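Q: Here is how the chains run, residue by residue.
There are 2 protein chains.
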Amino acid sequence: MANITKKVSWSSRADESAAAGESTPLLNGSEQPQHSRQLSGGGSLFQIGRLSTVDLEEEITSDEDSLRGRPKEIPHNEKLLSLKYESLDYDNIENQLFLEEERRMSYMGFRCLEISRWVVCGLIGILTGLIACFIDIVVEQLAGIKYQLIKENIEKFTETGGLSISLILWAVLNFTFVMVGAIIVAFFEPIAAGSGIPQIKCYLNGVKIPRVVRLKTLVIKVCGVICSVVGGLAVGKEGPMIHSGAVVAAGVSQGRSTSLKRDFKIFEYFRRDTEKRDFVSAGAAAGVSAAFGAPVGGVLFSLEEGASFWNQMLTWRIFFASMISTFTLNFVLSIYHSHAGDLSNPGLINFGRFEGDSVTYNLYEIPLFIAMGAIGGFLGALFNVLNYWLTIFRIRYVHRPCLQVMEAMLVAAVTATVSFTMIYFSNDCQPLGPESTEEYPLQLFCADGEYNSMATAFFNTPERSVRSLFHNQPGTYNPLTLGLFTLTYFFLACWTYGLAVSAGVFIPSLLIGAAWGRLFGILLASTSSGGAQHSNAIWADPGKYALIGAAAQLGGIVRMTLSLTVIMVEATGNVTYGLPIMLVLMTAKIVGDYFEEGLYDIHIKLQSVPFLHWEAPATSHWLTAREVMSSPVTCLNRIEKVGTIVDILSNTSTNHNGFPVVVQVLESDEPAKLCGLILRSQLIVLLKHKVFVELARSRLTRRKLQLKDFRDAYPRFPPIQSIHVSQDERECMMDLTEFMNPTPYTVPQETSLPRVFKLFRALGLRHLVVADDENRVVGLVTRKDLARYHLGKHGLEELQLAQT
Amino acid sequence: MANITKKVSWSSRADESAAAGESTPLLNGSEQPQHSRQLSGGGSLFQIGRLSTVDLEEEITSDEDSLRGRPKEIPHNEKLLSLKYESLDYDNIENQLFLEEERRMSYMGFRCLEISRWVVCGLIGILTGLIACFIDIVVEQLAGIKYQLIKENIEKFTETGGLSISLILWAVLNFTFVMVGAIIVAFFEPIAAGSGIPQIKCYLNGVKIPRVVRLKTLVIKVCGVICSVVGGLAVGKEGPMIHSGAVVAAGVSQGRSTSLKRDFKIFEYFRRDTEKRDFVSAGAAAGVSAAFGAPVGGVLFSLEEGASFWNQMLTWRIFFASMISTFTLNFVLSIYHSHAGDLSNPGLINFGRFEGDSVTYNLYEIPLFIAMGAIGGFLGALFNVLNYWLTIFRIRYVHRPCLQVMEAMLVAAVTATVSFTMIYFSNDCQPLGPESTEEYPLQLFCADGEYNSMATAFFNTPERSVRSLFHNQPGTYNPLTLGLFTLTYFFLACWTYGLAVSAGVFIPSLLIGAAWGRLFGILLASTSSGGAQHSNAIWADPGKYALIGAAAQLGGIVRMTLSLTVIMVEATGNVTYGLPIMLVLMTAKIVGDYFEEGLYDIHIKLQSVPFLHWEAPATSHWLTAREVMSSPVTCLNRIEKVGTIVDILSNTSTNHNGFPVVVQVLESDEPAKLCGLILRSQLIVLLKHKVFVELARSRLTRRKLQLKDFRDAYPRFPPIQSIHVSQDERECMMDLTEFMNPTPYTVPQETSLPRVFKLFRALGLRHLVVADDENRVVGLVTRKDLARYHLGKHGLEELQLAQT
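Chain order of the listed sequences is A and B.
Take 54 as the starting number for the first sequence in the numbering used here and just add one per residue.
Take 54 as the starting number for the second sequence in the numbering used here and just add one per residue.
Check before you lean on any hint, since a few could be wrong.
Copies of one chain are not kept apart here, so a pair can be met inside one copy or by any two copies together.
[Claimed, not checked] Below, in silico cross-link-like pairs of lysine-lysine (DSBU-like), each with a Cα-Cα straight-line distance of 30 Å or less:
no.	residue 1	residue 2
1	K261	K811
2	K757	K209
3	K811	K726
4	K132	K199
5	K132	K261
6	K314	K811
7	K846	K726
Simulated from the structure, these hints should not be mistaken for laboratory data.
These numbers come from a predicted model, not from an experiment.
Same shape as in the complex, but just chain A:
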């Protein structure tokens, strides 16, 4: 995953170039309080000051201030929390406009909406399946041509002895493909790098990663993944499918493409974060389903990564999208392979059928499986640690696009060279039987009728290699071949993950694991062959151990739990392995977590994303909302001067996104009470349409602002700078009553952090108002306030907030 190879981030280069039109950063509350105080001194803001009881926080904040004063070139660091990520708003903004619309809608209206949700899910499934087909077919064709060329070349030069020319041919071919793939990613859409799974995880968690669900990203991703797989890198095309599915979902569900400037005027109801997220979940599930032929696994993946609230109908719809996706893939590929109607290709990666005797296992094998799980966990942690250092190095030194392209090309050349060398020096010749399934058997220095077994592993697309490790007859590989292959492929895959190319880590992990798993099985069979009391066919079937090894290695790297178990079970097409795979994944996770986090979590942390986990850290009960919240809060009056609003929105140093709306009892000195919450995006739309009290009075025929106006602007609201407000208009007043959310969730100051966290996470909130017992606003809790506490080695730690 090359998506963090730049100092800035997954996406910030484009932010710099397009800062005006894009993603106003979230920066709420207590950071840089000097500024907000100056502003409040200016008198144009209504601000509720700190209470005397928050002295503790005052101290903490001033400590933080000094840290925040550090120069801007702080590198990405997992001890920081970036302030540039906005949150998504999964809480419906139930303002008057919304409620009126909902009340107008009849029961039939809701039924129609429900039906269109199903239609959208069906479309998502079909399109995701088609994209998977497209990738698969193009990769097969291009890789076929490439391997055929090289094979002929090698065969020509094996006799005459000019094999270095073959090597050069191979390297140049790989080189070219990878260069194209890296250039489009690094120069046109850096967010398309890597597998996209961390980004989708963040999106489903509620963090807005800019441009992650754009059409352009999808196009670059699809082309990029084709280039990198054909380019012979140690990558898979499965991870990117999940991202692709998510993009498809986000596009289809909105009924328009902002990139193509086409609006089909359908599905307008779905133009808000809540609905869009549900569809993106379905898209991610459809992607998993297409990648692995695992519809249930896809649903569980979406839930494991995204769901904060389980809803039966939603899950059922997600499952529908998954099923349709795998079915479409299956159907189209069956036509492509000229067996129309034979639905035997459920996913991009096909583990092949595990049937007959090889599927059974015995009770005494379970400890062996658990041991393999531990090995997988350890190797996975090693992989992650190495990749972590590599990523840090990349963040520091390889952050310019041209450097990234050069690194990718270097990796491509090295991969080709290493592969060639390994094949060249390998002596593992195997007879080429009539039932052999090799696509490109390389004879090389083997006798006639034999082929080089190392070449099966290297001179092949990774999917085919995995399948041959699972299913080839015992004896097809000798242990030395497997050992060398594991070693080289481990380092190649580790180096590759994080390059500026679109590619996934699932298949390389499976391949590494399958290789050492098969090795494990062979060694086991050889140690016990003396006794020979076991039926060898069952107990030391190397294919079975290859499968367990693959599960262990993948689990050790990505640390997924239930969903990965189900994906593996579905990909093998057999539920018998359920228990061993679960035990192996569990062991791998426990062992791996002891050393290092999962690969995706590492990359999320290195991006300083304010990611909310399932629960508040265990030992955080001593913290309350008072310590956690940001204060003072910039509040707006229910009827507020336009000038004030423009000033607040233009204040780049604070850049708040949500504003509690308060109401002051006229001619009394009582403190103002909370009466609602309004978002920056809503204010922007109001300013753009000049919804001012004075104008409404003068022009009675003026069209009333509707929900449609907000939906049309979603999700790319214009920045405040693009809105022109004249000096006269600045003196007008705006009435926010109709547009604010009149019932924001609130908590008292004494609420403990776990309680705040639970409310925030379960409801997918973006802003949570902290109120005192007079219903006055005393603070605001946002995502970063909660995400910054985490359990480190020395108890509860607080991450620093940084404007990276």
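Starting from the known structure of chain A, arrange chain B on it as the hints suggest.
A: Positioned in the frame of chain A, the structure of chain B alone reads:
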């Protein structure tokens, strides 16, 4: 399911007898307001009156009052909502004691807790698996003896012509078993009747069904299910496993048995609703897993029925329990069948392996499958409608235990007679091949070397019948046999469900569906045999159609979605059928829902349980918290007189369970402000331990009340009547500060119903305080306030509350 055959309910007979010691009914807020007003007139209560703004509700309430004035003998009716069900409290009561404990706990402490959670889940899995084994083995043994006896008898009398004696023998045997099963259920534990799935659904939804997770219930359930299956009723032993698993979980996780008066002093931390519910979810999943060999299906079942908030670690633990359960069952049964180590019995019902050619399907078969789904949906709805009428009849006329036992015995006798008659008049003789898998082939009037095919369907445990319908060679059954079998079994099963015996509806549904599905397949094959262009082995394999038919029928009856798909897929051991099964279940659900609800939902509604669905009714946006809430609310002062508290708790006419705690600024006329929430159960413990301010002063050495005291009393808190408070003590004061939840969730009065609903459901609340903008209590929303709105045929309907 006989659990509603009494006028009162699933459980109320025992409530009447043990009213003092058990389940003080929930009766909160607005019902019978005259009483509470009289009380408040008496001056002993602090009550916040209605605000002038709630006139609308005043009107509604007075309408309701007249309805509530109806005589008490209103029968159970799906238009009523019973007030006798308490809610469970899934929101942690974060009072000072709890926070102190959490803050004292180190990180290691939390780790240990986490480990013990895993241990508990492992134990739940093992015990559930063992119970499943026990049921399976006992049923096999007893059924084996029974069928052997009858077979010998029939064979003896076939020649001599006294078959009526065989019939009598059969009927008497069935009769006896069913009588025993019905007596223990009807007289000792009525809640053990039926499959228990509706009860577990309610429990996981948050409704406290008395005695549903007691040890006694488990014992009766296990014995009952053995009796009813051996008694030859049209029932399965799978549904009850889910209930059994839940009971095991509730027992193990508490580390004690109140019934056995044993406290192991372990797992004390888990003695609260939140933790217990999580374990019960795991237990239900383990039950599904043991029943069907479907660990993933089990997890999904738990989530579909119970989860309000998905948590990765929790789900992973539930999956662990599921896996262990199916593994234990598998392992023990492998020993029992003398193939130790061969793990091929994953569940109680084994669909057998679908392998080889029979598993594939062609694209053009999909419309056929969908048509079968529609048939299944229609037949399922018919089943449900018939059962609904039958249940209404039972509620009205068959509510005394002895009548229930007699009905069960009648059904047993009729079942035996009908089966016998069908076999007797059947002419369907099939050759008894060497590979035949019949356990008890009945020759009857067939030629030597042949057996009666109708007997395979009837003269067998239902599980075996299902398997033979799935896997017997094409031609084993003739269409007439299948048609007659479907018809009779449909009505028998429909009559049986709802009897006072422990039994499930899964297997009968599968059996009916498999029979007509196979019939469908045979007819299909015969219509197309003219053309013969298809390879018949694949396309009209009757076993495949039997499977699809079984899925359609089961889906049409129970209307489960994702979980049922996965259960079916796992039970067949083959993922190939995923798509057709999903399409079939989807069609069955859509068609079935058009006519009637699912069977479990019907029974839940007939019990008037305040069941919360996933979302508020679609057209409920015009309702706000103001209309929904109960008011006036009985509030307590933070420092309250003991006498007042005792009086409030003793008031049987209101019987509130949660009390907002308010604080009045001394010597001011400002209204009292909300400062916490305290539960009846907590007050009871406080009164029992005489935690009075005066006593604390006089006896300084007095032990401080700890969380442990509350946990020891959980979940069977004594009734207020059992607590003696002297006249002197009545004058003492109680300080609630330490014990109340100081940060209850609140909503403003303007909050829309869907918003209130979402908060309530997502966080699993029991009481939600409605506060005005001065933070004064104006109302309280409880489960029944939300559950009473539902979408009927004429838009939004409101259920009547009734003290049934």
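Q: All the hints need checking, so say for each whether the structure fits it.
A: Hints versus structure:
For the homomeric pair K261 and K811, the shortest alpha-carbon distances inside one copy (20 Å) and between copies (23 Å) are both at most 30 Å. For the homomeric pair K757 and K209, neither the shortest alpha-carbon distance inside one copy (78 Å) nor that between copies (91 Å) is at most 30 Å. When the C-alpha separation of K811 and K726 is checked against a cutoff of 30 Å, the pair qualifies both within a copy, at 25 Å, and between copies, at 25 Å. In the homo-oligomer, the alpha carbons of K132 and K199 never lie at most 30 Å apart, since the shortest distance is 45 Å inside one protomer and 71 Å across protomers.
Within a single copy, K132 and K261 get their C-alpha atoms as close as 20 Å, which meets the 30 Å cut-off; across copies the closest is 45 Å, which misses it. In this assembly of identical chains, the alpha carbons of K314 and K811 never lie at most 30 Å apart, being 40 Å within a copy and 36 Å across copies at closest. Proximity of K846 to K726 under the C-alpha cut-off of 30 Å is found in neither arrangement, the shortest distances being 42 Å within a copy and 42 Å between copies.
The structure does not agree with the numbered hints 2, 4, 6 and 7 stated previously, though it agrees with the rest.
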